[in-house]
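Asker: Below, each chain spelled out in residue letters.
There are 2 protein chains.
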Amino acid sequence: MTDLPDHPNISNGKKALVNRQESLDPDNWEDMRALGHRMVDDAISYLKDVEQRPVWKPMPEQLADQFKAALPQYPTSPDAVYEEFLGNIFPYPMGNIHPRFWSWYMGNGTILGAFADFLSATMNSNVGAGNHVANLVEAQVVNWMKELVDFPEEASGLLVGGASMANLVGLTVARNTQAGFDVRQVGLTSAGKQLTVYASTEIHSCNQKAVELLGMGTDSLRRIPVNDHYQMDMTALAAQVKEDRANGLQPICVIATSGTVNTGAIDPLNEIADFCTAQGLWFHVDGAIGAVAVLVDSLKTSLSGIARADSIALDLHKWMHVPFEAGCALVKNSAEHRNSFSVNPEYLTREVRGLAAGQNWFSEYGVELSRSFRALKVWMSLKEHGSDRYGRMMARNIDQANYLAGLINDDSDLQLMAPVGLNIVCFRYYPVVYQVMADQHQEKKESALETLNKEILFTLQEEGTAAPSYTTLEGKYCLRVAIANHRTQRTDLDLLISEVKRIGKKLTDQT
Amino acid sequence: MTDLPDHPNISNGKKALVNRQESLDPDNWEDMRALGHRMVDDAISYLKDVEQRPVWKPMPEQLADQFKAALPQYPTSPDAVYEEFLGNIFPYPMGNIHPRFWSWYMGNGTILGAFADFLSATMNSNVGAGNHVANLVEAQVVNWMKELVDFPEEASGLLVGGASMANLVGLTVARNTQAGFDVRQVGLTSAGKQLTVYASTEIHSCNQKAVELLGMGTDSLRRIPVNDHYQMDMTALAAQVKEDRANGLQPICVIATSGTVNTGAIDPLNEIADFCTAQGLWFHVDGAIGAVAVLVDSLKTSLSGIARADSIALDLHKWMHVPFEAGCALVKNSAEHRNSFSVNPEYLTREVRGLAAGQNWFSEYGVELSRSFRALKVWMSLKEHGSDRYGRMMARNIDQANYLAGLINDDSDLQLMAPVGLNIVCFRYYPVVYQVMADQHQEKKESALETLNKEILFTLQEEGTAAPSYTTLEGKYCLRVAIANHRTQRTDLDLLISEVKRIGKKLTDQT
Numbered sequence: 001m002t003d004l005p006d007h008p009n010i011s012n013g014k015k016a017l018v019n020r021q022e023s024l025d026p027d028n029w030e031d032m033r034a035l036g037h038r039m040v041d042d043a044i045s046y047l048k049d050v051e052q053r054p055v056w057k058p059m060p061e062q063l064a065d066q067f068k069a070a071l072p073q074y075p076t077s078p079d080a081v082y083e084e085f086l087g088n089i090f091p092y093p094m095g096n097i098h099p100r101f102w103s104w105y106m107g108n109g110t111i112l113g114a115f116a117d118f119l120s121a122t123m124n125s126n127v128g129a130g131n132h133v134a135n136l137v138e139a140q141v142v143n144w145m146k147e148l149v150d151f152p153e154e155a156s157g158l159l160v161g162g163a164s165m166a167n168l169v170g171l172t173v174a175r176n177t178q179a180g181f182d183v184r185q186v187g188l189t190s191a192g193k194q195l196t197v198y199a200s201t202e203i204h205s206c207n208q209k210a211v212e213l214l215g216m217g218t219d220s221l222r223r224i225p226v227n228d229h230y231q232m233d234m235t236a237l238a239a240q241v242k243e244d245r246a247n248g249l250q251p252i253c254v255i256a257t258s259g260t261v262n263t264g265a266i267d268p269l270n271e272i273a274d275f276c277t278a279q280g281l282w283f284h285v286d287g288a289i290g291a292v293a294v295l296v297d298s299l300k301t302s303l304s305g306i307a308r309a310d311s312i313a314l315d316l317h318k319w320m321h322v323p324f325e326a327g328c329a330l331v332k333n334s335a336e337h338r339n340s341f342s343v344n345p346e347y348l349t350r351e352v353r354g355l356a357a358g359q360n361w362f363s364e365y366g367v368e369l370s371r372s373f374r375a376l377k378v379w380m381s382l383k384e385h386g387s388d389r390y391g392r393m394m395a396r397n398i399d400q401a402n403y404l405a406g407l408i409n410d411d412s413d414l415q416l417m418a419p420v421g422l423n424i425v426c427f428r429y430y431p432v433v434y435q436v437m438a439d440q441h442q443e444k445k446e447s448a449l450e451t452l453n454k455e456i457l458f459t460l461q462e463e464g465t466a467a468p469s470y471t472t473l474e475g476k477y478c479l480r481v482a483i484a485n486h487r488t489q490r491t492d493l494d495l496l497i498s499e500v501k502r503i504g505k506k507l508t509d510q511t
Numbered sequence: 001m002t003d004l005p006d007h008p009n010i011s012n013g014k015k016a017l018v019n020r021q022e023s024l025d026p027d028n029w030e031d032m033r034a035l036g037h038r039m040v041d042d043a044i045s046y047l048k049d050v051e052q053r054p055v056w057k058p059m060p061e062q063l064a065d066q067f068k069a070a071l072p073q074y075p076t077s078p079d080a081v082y083e084e085f086l087g088n089i090f091p092y093p094m095g096n097i098h099p100r101f102w103s104w105y106m107g108n109g110t111i112l113g114a115f116a117d118f119l120s121a122t123m124n125s126n127v128g129a130g131n132h133v134a135n136l137v138e139a140q141v142v143n144w145m146k147e148l149v150d151f152p153e154e155a156s157g158l159l160v161g162g163a164s165m166a167n168l169v170g171l172t173v174a175r176n177t178q179a180g181f182d183v184r185q186v187g188l189t190s191a192g193k194q195l196t197v198y199a200s201t202e203i204h205s206c207n208q209k210a211v212e213l214l215g216m217g218t219d220s221l222r223r224i225p226v227n228d229h230y231q232m233d234m235t236a237l238a239a240q241v242k243e244d245r246a247n248g249l250q251p252i253c254v255i256a257t258s259g260t261v262n263t264g265a266i267d268p269l270n271e272i273a274d275f276c277t278a279q280g281l282w283f284h285v286d287g288a289i290g291a292v293a294v295l296v297d298s299l300k301t302s303l304s305g306i307a308r309a310d311s312i313a314l315d316l317h318k319w320m321h322v323p324f325e326a327g328c329a330l331v332k333n334s335a336e337h338r339n340s341f342s343v344n345p346e347y348l349t350r351e352v353r354g355l356a357a358g359q360n361w362f363s364e365y366g367v368e369l370s371r372s373f374r375a376l377k378v379w380m381s382l383k384e385h386g387s388d389r390y391g392r393m394m395a396r397n398i399d400q401a402n403y404l405a406g407l408i409n410d411d412s413d414l415q416l417m418a419p420v421g422l423n424i425v426c427f428r429y430y431p432v433v434y435q436v437m438a439d440q441h442q443e444k445k446e447s448a449l450e451t452l453n454k455e456i457l458f459t460l461q462e463e464g465t466a467a468p469s470y471t472t473l474e475g476k477y478c479l480r481v482a483i484a485n486h487r488t489q490r491t492d493l494d495l496l497i498s499e500v501k502r503i504g505k506k507l508t509d510q511t
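As given, the protein sequences belong to chains S and U, one line each in that order.
Take 1 as the starting number for the first sequence in our numbering and just add one per residue.
Take 1 as the starting number for the second sequence in our numbering and just add one per residue.
No lab work stands behind these hints, which were simulated from the structure alone.
All figures in this text were calculated on a predicted structure; none of them were measured in a lab.
If a hint is listed, it holds; no wrong ones were tucked in.
Which copy? The list can't say, so a pair holds if one copy fits it or any two copies do.
Taking lysine to aspartate or glutamate and the EDC-like style, the derived pairs with C-alpha atoms no more than 16 angstroms apart in a straight line are:
id: 1; residue 1: Lys-505; residue 2: Glu-450
id: 2; residue 1: Lys-454; residue 2: Glu-351
id: 3; residue 1: Lys-445; residue 2: Glu-474
Please put together the full structure from these sequences, using the hints given.
Answerer: Structure follows, in structure tokens:
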């Protein structure tokens, strides 16, 4: 009995006949082992010495040409593929592994997290269905997340790619549970009333995407004003809900944010929980940034309302530093959760024995059927460090943010632009020459300050010194320093301030 | 200038004071390097010797207890975490890495794909936004996918977790583009007409999930009957669309399947394309299983209609054997694509220089903002093997499916249950004793055959011999062999048949 004739292995254009049946396995496992060892060595050096390198560097203009070739038709040896990676890819990361990266809101990752992704891909288990250990690991990790936010044992959850998806999962269950009719079956077109969702003006844009995706429309996302601390104004919330009801709309859900993206503000969670209970609304918490901050002792009180949520979105690839992607959706009522996502076609019938048995089919709780074993990197990371250390690392970042705010407040050329929320500091270079500018030049002044601060930011990034990001608060452009970074030290923040001032002075003197 | 006081590192309960600032980096990089080398060695052995192990094995009952401990509070050494992994996790994979795994529809993965996931997690770049090389790599991979399905250069796309998400992306653009009003802004409640979507009864359940998520409701997913080859019946499609229009509904989209999950059938793609053009409908192709089969010469004609689609969902973690997760969504009109997903909050403003510049912000084309560098494993895998080899591996699987069907047809105790579509074979053990059973016992017979074949399947899996899955076709339970496996040889299929017969005979003799 023979199979198809063996095919020649074509390596870099040269034919090399081999006697074994062709597959996608390596021609030579020992060569592959040696390559793997090299990769481990290179990765260790890469992370160990990251501080010695620029936080970010622009790609050479001609680099883009290296990524224009057509779909490869013939094989390239794994070593040659790796050389190309080393030359063209490895030197140009985003930069979020660096101690002075504070852009947007991202974690650093860890070496054991990266090893875990390798082991997970080696097993290549699909955690959508089936009776195998990866499902047990994910179940344990989800239980840990429930424990973290003080959710009951009977709550359900699953790991997802990130908070965009976790918020979508929570809002889907909210929509389907609160609509008062079978949305899955009949859809929204026949709904008598427009369903409405409430969140502060500081809400993350992924929630808008979710509301749009769910067919409710951006108009149905009511953006409630915030107070001076960028927290949802409860009076305005109550007024909007009342007005909407009076206008024949159907309020279904309030999204509270635990750690806004602009300033790290925490909405008044317990007040929102009370309001939702009184009004019969779903209470969803977008905790992408700040839900895991329950591990910080000093925050336990202001975050205690999270436990009262009907659904929560968490991120593990941010302040928990698990490599991308890792988020988590939790829903307090597991039946409502499953009822929003479970389908049972004949090829997915659950069996009582064999491969198709098992308790945890996570595809019944989310959008995706095939799912990677991302639980492994979370499981290994939480075991490696333990919750106390994560808490200390977060507390240190919060302390660093306050330290940075102190440096800014003590400096006559710098201006703090918002109260420090969690680990996020917004400020700008605002030298005396602008401070004394007369009021009638307000517009010109703001425009010049934006240009100046943008140039400071570009220079910091292009020189590889530090990578803050930026936002606009009340029309004013700010540098934004989000310190979700286990590698940051206070000396990194000292350097940031001295460089902002050096660059700012140089630019101001030039004009 | 000092930071917070150093914290003691607590390892396995013992305090060990260290002088450096605590972080999530290893205490000792050399120990971590040695651990990484061990992991590489173990992974190489694991995959090299996979054939020597059972395809799947049930977990010991007490294993579940190992995953019940609460959230760890204190650190465990990475070596100890790895030992736990080796003892409790590594031995119990799903099994899809094995040459005799043919359940559901999954790929095997490869060792270089797993290495790539490690490198990607080491860089930990976020491919949602920003000016860094990972975006260029993903753009190239998306271009390769466009090339594969003969999509024009100006089409857009992005990598996603799998076809569930890729179908959701395509159907979102279909809904938003075809509705005739601004669905993102106002939602579906104010729609005058119910939007309807068409697909065959064999459509994969993830499309139902997508339609439900999008707020259109399952009722709006019209399931069109299939012919004897499980392909969409075009006459029935035309009749349903006509009837729906007459009833005041608004048809927007036809979903064609290229490779159905039950039997691998390919819908009449060109006829559906013609119909969509004539009727002004969006043409979406769910090509999770069979779109990449364009690499097989003999299939180029029957798959040529894919190029005419408005949107396509592809999977790379199936027949392309990239480790989970890797799928791809393509949309022919990039403006329509971006218009469905782009949002521009102040903290995501695009800059012209620095880290926040760049052309390819993939978050503007999909649901998720934070996105892993999954493009790297696709990029390295396609370079390693080249498209020709993938084509040969797929052609071999198709040949093997036909070979298996031949073995079944030649055997008087076995019954082929559907025409072989692509690489999927549905059959059952159907010994003479049942064949001669009188017609009045039809129901009893079918029930007994289901019990018998289920027991055969359980035994095959529990003995670790092979892992087919199962489905029900026209009310009849079948074993289902989906050969998307680069490691399968014909001798594996010979073993499957001889074992099915041995187990079947033993069970029949007992009763």
